[in-house]
Each structure stands twice: as C-alpha cells, then as structure tokens.
Amino acid sequence: MVGLSAPWRRNGLITLASLAIVVSACSSAATTAPASVAPASVAPAASTAPAASTAPAASTAPAALGATTLGSNESDAVPKAAVQAMVDYCTAKAGITVKVNTTDHGTFQNQISSYLQGKPDDVVKWFAGNRVRFFAAQGLISPIDDVWANIEQYMTPGLKAASTGADGKTYFVPVYQYPWVVLYRKSLFTEKGYTIPTTIDEFVALAKKMQADGLVPLAFGDQDGWPAMGTFDILNMRMNGYQFHVGLMAGTEKWNDPRVKAVFAKWAELLPYFQQGAPGRTWQDAAKLALVDKKAGMYFLGTFANEQAAEADRTDVGFFPFPLMGTQYDSEKAIDAPIDGFFMVANPANAPAAKALLTCFGTPEAQLAYVLSPGLTSVAVSPLADTSKYSDVQKAQAEILKNAGSIAQFLDRDARADFAGPSGMQGFLLSFLSDPKQDLDKFLGDIQAYYDTLPPDK
Amino acid sequence: MASDRNARSANATPPAAAGGVALSLPAPKKKHYSLLTRRDTITLWVMAGVPTLLVGAFILVPTFSSILLSFTSWNGIGPIKFVGAQNYVDLLSYKQFVPALEHNVIWLVFFLLIATPLGMFLAVLLDKNIRGTRIYQSAIYMPVVLSLAVVGFIWQLIYAPEQGLLNNVLGKTAQGDQISWLGNPSLNLWAVLIAASWRQVGYVMVLYLAGLKGVDPSLREAASIDGANERQTFRHVVFPVMRPINMVILVITVIESLRAFDLAFIVNKGLNGLELLSTLVTNNIIGETSRIGFGSAIAVVLLVVSIGPIIFYLFNSLREEIE
Chain A
1082 MVGLSAPWRR
1092 NGLITLASLA
1102 IVVSACSSAA
1112 TTAPASVAPA
1122 SVAPAASTAP
1132 AASTAPAAST
1142 APAALGATTL
1152 GSNESDAVPK
1162 AAVQAMVDYC
1172 TAKAGITVKV
1182 NTTDHGTFQN
1192 QISSYLQGKP
1202 DDVVKWFAGN
1212 RVRFFAAQGL
1222 ISPIDDVWAN
1232 IEQYMTPGLK
1242 AASTGADGKT
1252 YFVPVYQYPW
1262 VVLYRKSLFT
1272 EKGYTIPTTI
1282 DEFVALAKKM
1292 QADGLVPLAF
1302 GDQDGWPAMG
1312 TFDILNMRMN
1322 GYQFHVGLMA
1332 GTEKWNDPRV
1342 KAVFAKWAEL
1352 LPYFQQGAPG
1362 RTWQDAAKLA
1372 LVDKKAGMYF
1382 LGTFANEQAA
1392 EADRTDVGFF
1402 PFPLMGTQYD
1412 SEKAIDAPID
1422 GFFMVANPAN
1432 APAAKALLTC
1442 FGTPEAQLAY
1452 VLSPGLTSVA
1462 VSPLADTSKY
1472 SDVQKAQAEI
1482 LKNAGSIAQF
1492 LDRDARADFA
1502 GPSGMQGFLL
1512 SFLSDPKQDL
1522 DKFLGDIQAY
1532 YDTLPPDK
Chain B
10 MASDRNARSA
20 NATPPAAAGG
30 VALSLPAPKK
40 KHYSLLTRRD
50 TITLWVMAGV
60 PTLLVGAFIL
70 VPTFSSILLS
80 FTSWNGIGPI
90 KFVGAQNYVD
100 LLSYKQFVPA
110 LEHNVIWLVF
120 FLLIATPLGM
130 FLAVLLDKNI
140 RGTRIYQSAI
150 YMPVVLSLAV
160 VGFIWQLIYA
170 PEQGLLNNVL
180 GKTAQGDQIS
190 WLGNPSLNLW
200 AVLIAASWRQ
210 VGYVMVLYLA
220 GLKGVDPSLR
230 EAASIDGANE
240 RQTFRHVVFP
250 VMRPINMVIL
260 VITVIESLRA
270 FDLAFIVNKG
280 LNGLELLSTL
290 VTNNIIGETS
300 RIGFGSAIAV
310 VLLVVSIGPI
320 IFYLFNSLRE
330 EIE
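Heads up: the sequence lines are chains A and B, in that order. Just so you know, we're using the working numbering here: the first sequence kicks off at 1082 and counts up by one. Just so you know, we're using the working numbering here: the second sequence kicks off at 10 and counts up by one.
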C-alpha cells in the first residue's frame, strides 16, 4: 500500500472514504477560491485583460499573465515532487504564478464530477483517451486547440488522437506515460540461463522450464480488479489487432464476438502458467513474489511495479514487451501505455495563464522536469525529449515505446468508466479468473448484455 | 416535505386555538394548566418544529429524492432523464444483484445465529467474575474500538495467500496448494463474515454485559432458592428480565447486517462473491460516469428490505409503551 504513484491505481482503503466525498468536495472548493484570488492581487486585474487578447504563446509572453491554479491527484511524495518540479520550471518559463492544490488520489477520482461542477482549479491533472473525452462531451472542460497549435511540433499523431474529444477538438496536454511490460529479474534469468521470449511458443517453453525449476512462471494478483485488464488488452491486441481492440473499447465491436471468445479461450489455456488464486492476491504481493523473492520468473504489469522491488534491486529488474502470438497483427507490436497529463476546466479563473501553463507542459523540457524528478520511473511522451539523462529503467521503457507500433491506453481508460469499473469489467474479469472453465458464450453474453443496459454515453 | 409541513401546522393549530377559545370541553378544573401562554406556543413550535425540520432535511428529503432518482437516468453531470421503471427492469438482469441480496441475507442470518449469540454467551461467562475477567473483556472488546478499515486491513494480512498468517499456520503456502481465502467466491464471504463477527461479538458482549450487571441479584437468589439451576435461571429469569436489552441487541444486529459494507469494499470493492447491496450502490454512484439512477434503484431495494425490521421494532417498542 506504500509508495503508490500511478494515479489510476485504486486503493481500497482510500476509496473507502466515500463519506468524505462531500466533505472534501466542499473543502477543496473552499481552498481553491482564495488561492486563485490571493496571488492575483500581485498582478493588477487590468493587465490580464489585454493579455487575453494577445497571442497565447507562452514562451514569448511577459510576466503579466497573473496567477492560475492546478488541481493534482498526486498525493504521494515522489510524484507530488515531480508535479512541483514541472510547475516550478513553467512558472519561471511562462511568467505566471501557480498554486498547486493536491488531493488524495482515491478521493480525487471519486469526487471528480462534483469537483468539476463546483469551483475547480484552472488546470487539472487527468488521463488521456476516453476518460478526458467524457468530460469534454459533458462540457466540463475547455477545448485548447490554440495550445495545441504551439505544442503539436513536440507531439506525435497518436498523442494528439489520445487528447482529442469526440468533436475533433483537442482537450488535453499529455505529459508522461508508462508501458505495460513483462518484468523480470535479470540476475535470475542469468543464473538459470533463461532467454527473453519473443513469441508465445518461446514464452510457453520458458514457462514450462520455469515450472520444472520450481518457479511460478508468471506472477499474478487481481484482488483489486484492474490488473487483469492489462492481460486482456494485450491478448486482444495481439490476437485481434489494434483496430478491433479500439472498436471493442468504444462499443462498436461486440463482446459476444467469436474473436473475443478466442481471447478468453487462449487466456484459459495459458492460465496454468499464471500464478493461481489471483482473485485473492493483491498486485503488490504478486510483484513481491517475482521481483523480491524471485519465486516467480516473470510478472506482467505496468512498469511502476518496479517500485515494489528493493531500492538496490531496481536496476536488476528488466522489461520486455509481451511476446508476439504469430498472428497477422504481430507487426503492430501494440502495447498498453497509459498517458497522464492535464486539461483546462470550462470556466477557468485565468484562462490566459492556464493556457500558458498548459503550453509549457507540452514542451519536452517541462516533461523532462517531471520525469527526471528523483524516484520516478515513467517517461516523457514527447519523442523530442532528451533521453540522455534517463535512468536505465527509463531508457528501457523509452526503447519499448519507440518500438511499439500502436499504443492503447488501458481498458479502464479506453472504455467508458461505468463499463470498466467494479460494476462491469472488474467484476466480470474476476469471475472469469475464479472459474476460467465456465461457459464462455454465456459469460460474454452477460458482458454484452451489461454493456447494452448502460445509458447512452453522451 | 409538503405533507410534512401540513402535518406540523395541523398539530400546532389545536393548542394555539385552545389558548384563544378557552377550553370548554375537557374537565374545567384543569383549565388553568391547559392555557398556553404565548411563550408556551413558541416553545411548542420550536420543540416540534426543529426536530421535524431536521428529520425532513436529513432523512425524508434524501429518501424521497433517492426514490425519485431511481426512476431516472443521470450520470451526475448532464440533464436528469425520466426513464420510468427501466432501472428496476435492468436490476433483474444485473448479474451482481441477486448474489448481493443473498449475501445480505446470509450476513443477517450469520450474525443472528452465530455472532450475536456468541457475544451474549461470552457476556454471561464474563459476568461470573471469573479470574482475569477484565482482561478478557478488554481483549474481546478491542476490535470494536478499531475502525472497520483497520479490521479489514488486519484480516487481509491474515488471509493473504503467501504471507498470510492462516495459510502459514495451515502449511498451505506452496504455489497451487494455497487456500485463496479472499479470492475463492465460495469461500470469501465466510472469511469476511468471520472478520466482521470478530468485531460484532465484542460489541454485543459489552452491551449484554452491561445489561446483566443491571439484573437485580435478588431475582437470581430467589430462583436458586426455588431450586433452579444455572441454565434454568438464565432461561426463565434473567433472559426475560433482559427484554429491553435483547431488543436493542436484535436491532443492532439487524442494522449491522443491513449496513454491512466496509469489509467487503476494502477487500475488492464487493466483487466476486462479496457482493452486497451497499457495495453495489457505492460502485454505481461514485466515480466519474456514475449511474445515479440505477444506484438509487438498488438503494431503494435496500430501503424496502430495511423497512421490515424497522416496522417490527417500532411495533414492539410502541406496544411496550402502551403496556
């Protein structure tokens, strides 16, 4: 439970604070209001008016844009310091003052709707893909095409697509990401003479060898409901291709499609190599088995799992992409690599300053200020970011991302939240893992039936 | 709310009128005492009005809003759309709903038949002033002081597959041989019930012990003079005398079972064998794309289920008052 940094990880204990939602919603609104007013008095109100009419380019703007506020869910020490490092870089660069308001990430996630409908901060930390698209469709956040006009030079088309709403406007500035990979201990592989598998056949052969050596081939824990989503994503993308996966997440493809059934059938076939009893094991315990105890050979999760290893062992943890499965989609080399970043709310107190901040966040230098903050393992999204100062862990990730042909977010970011959440896919995946031999047609029919009862996603 | 306001003014009118018209019908002797001064009227209004307002604002309005919302479709942000009974129709096909109802019933039965009687039994034992009774009392009561979040955390450490206490004691830590206490859907409800009972037993024990201390010793004395043994004394003398406490404990047991939430939610948000009505409500209404209408429909079901015990309790306590 200690040292969580990836913001989308749900922490049971924290999420429990459902009663605190209302309380914290009020208190955050209360703290926001004075925050945005107090520093504003430094710059005369009149000076913001002409600034608004001038070009939004941040790098050239004089120090007259005034103050803005940033709402962040990064309540753990390491990422909190990283947010601050990036904000510090940008306040100097863009000539603005920024007040960062941090909320515990579980509470932040639960109250986000009421927060955005109240008096939110100008700029808010969030997730790319469908998660930001939803708020865009609800009119709770502002389109920032003018910001993108300045930062597009640093980004890829994929990043822009992940930041674009259903109406074709951009709403989001991506900052950093981390891929889902197979993690392993290099020393264990050297000691036992294992080689990195690149195809599923090699993977199965290696798994059998590990079992013969008394190891669990693939550590696995899904008590929190979400880790199994990553496994589904990668199998589906490998077997049915990126486009089908995107369609399935968006609801244009059906869950009772025979292609989805093939994925679960394959998964059931591979499950003997996964650690058993996953529904009753936390991902941290699974990570410990592979990365600390060396009792499991491999572990498939986001690279943040590396943080579970002892500090001295972290350079001994290696990554490789999930093996290819010998389908026509092998060349896509698709992976999940969730992107985090920032958006601007619908009615910011100081839009010019907020846009200047977002423009700065889009630059490779600001992103580096974030990811080079001590202890972080994620990497900058911009392909122009200078990787020379990266840690070995970051370099390995950057390499995997560079080689990936298609990048998906993650099931609970690509699909609508009420479908992906505990009422939907989390529960369904747990039921599959508890009983992988169940009637898959009925299982998938139930998933599609649940999807069909959801109200229109607009 | 409107009917509530009418009720209040209807109640308030007779005393006010009585003050003006001067009561002629009831016994004239009491006339002097029946007259309400202006101050009395104000006091009455405040005494009856403030609680009515509080109940209205914090209980009736939210309850009726929930019922109204259960006929709508709303994601918490956009417009609220009326959908009739669609949410209730969807509930019937909702995979987690029937298990949740069943689990709530199992929870209630388990508490009624095992946890609560065990707590009462411990109270009777500790009432005997055995040596070290204070230590036992504190030890058994300890879990009640802990919040359920902490209780959940402690028991997760006990039930964890590799490092967990239980599997280590049983020698079931080898891969493939482990017992998945919290992951096996036919096992985890019972595992969580034991954790919940750990706390419930202490709670019931303390309440019952306090009640037992209040039983007049001369009753027991009389019973033993009449030749009753321990069991008969408890069965025919102490237990009936404890009726008010028994009612309180019954009500607490029912309430604790219906509001069961924390432990299941801490383990895995109430999924995979741990579904409860309360976790379904929460899972559907928190987060960004919440289904508030659908969640409210589940909450209404929980309300309907809760009304049974409430009526039973009110019926009993009112009957007592009349007696």
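Bear in mind the hints are in silico, worked out from the structure with no lab data behind them. Please read these numbers as outputs of a predicted model, since none were measured by experiment. Heads up, the beta-carbon is just placed ideally off N, CA and C, and yes, glycines get one too. Among the hints, a few may not be true.
Covered stretches of chain B (chain A as the covering partner; in silico rule of three or more C-beta atoms under 8 Å from a C-beta of chain A) [to be verified]:
hint, region
1, 94–105
2, 193–207
3, 254–265
Only pairs whose alpha carbons sit at most 30 Å apart, straight line, appear in this in silico DSSO-like list of lysine-lysine [said to hold, decoys possible]:
hint, chain 1, residue 1, chain 2, residue 2
4, B, Lys104, A, Lys1523
5, B, Lys181, A, Lys1273
6, A, Lys1375, B, Lys181
7, A, Lys1342, B, Lys90
8, A, Lys1335, B, Lys104
9, A, Lys1376, B, Lys181
10, B, Lys90, A, Lys1200
11, B, Lys222, A, Lys1335
12, A, Lys1250, B, Lys90
13, A, Lys1180, A, Lys1200
14, B, Lys104, A, Lys1518
15, B, Lys181, A, Lys1518
16, A, Lys1241, A, Lys1273
17, A, Lys1347, B, Lys104
18, A, Lys1290, B, Lys181
19, A, Lys1290, A, Lys1250
20, B, Lys181, A, Lys1289
Tested hints:
1. 94–105: Holds, because 5 residues of the region 94–105 of chain B bring their Cβ atoms closer than 8 Å to Cβ atoms of chain A.
2. 193–207: holds (count 3)
3. 254–265: violated (count 0)
4. Lys104/B with Lys1523/A: holds (12 Å)
5. Lys181/B with Lys1273/A: holds (27 Å)
6. Lys1375/A with Lys181/B: holds (19 Å)
7. Lys1342/A with Lys90/B: violated (35 Å)
8. Lys1335/A with Lys104/B: holds (18 Å)
9. Lys1376/A with Lys181/B: Judged against 30 Å, a Cα distance of about 16 Å means the pair holds.
10. Lys90/B with Lys1200/A: holds (25 Å)
11. Lys222/B with Lys1335/A: With Cα atoms ~65 Å apart, Lys222/B and Lys1335/A exceed 30 Å; violated.
12. Lys1250/A with Lys90/B: holds (27 Å)
13. Lys1180/A with Lys1200/A: It holds: about 15 Å lies between the C-alpha atoms, which stays within 30 Å.
14. Lys104/B with Lys1518/A: holds (18 Å)
15. Lys181/B with Lys1518/A: holds (24 Å)
16. Lys1241/A with Lys1273/A: Status violated; Cα separation ~44 Å.
17. Lys1347/A with Lys104/B: holds (24 Å)
18. Lys1290/A with Lys181/B: Holds, at about 24 Å.
19. Lys1290/A with Lys1250/A: violated (51 Å)
20. Lys181/B with Lys1289/A: Holds, because 23 Å separates the two Cα atoms, which is no more than 30 Å.
Of the numbered hints stated above, those contradicted by the structure are hints 3, 7, 11, 16, 19, listed in ascending order.
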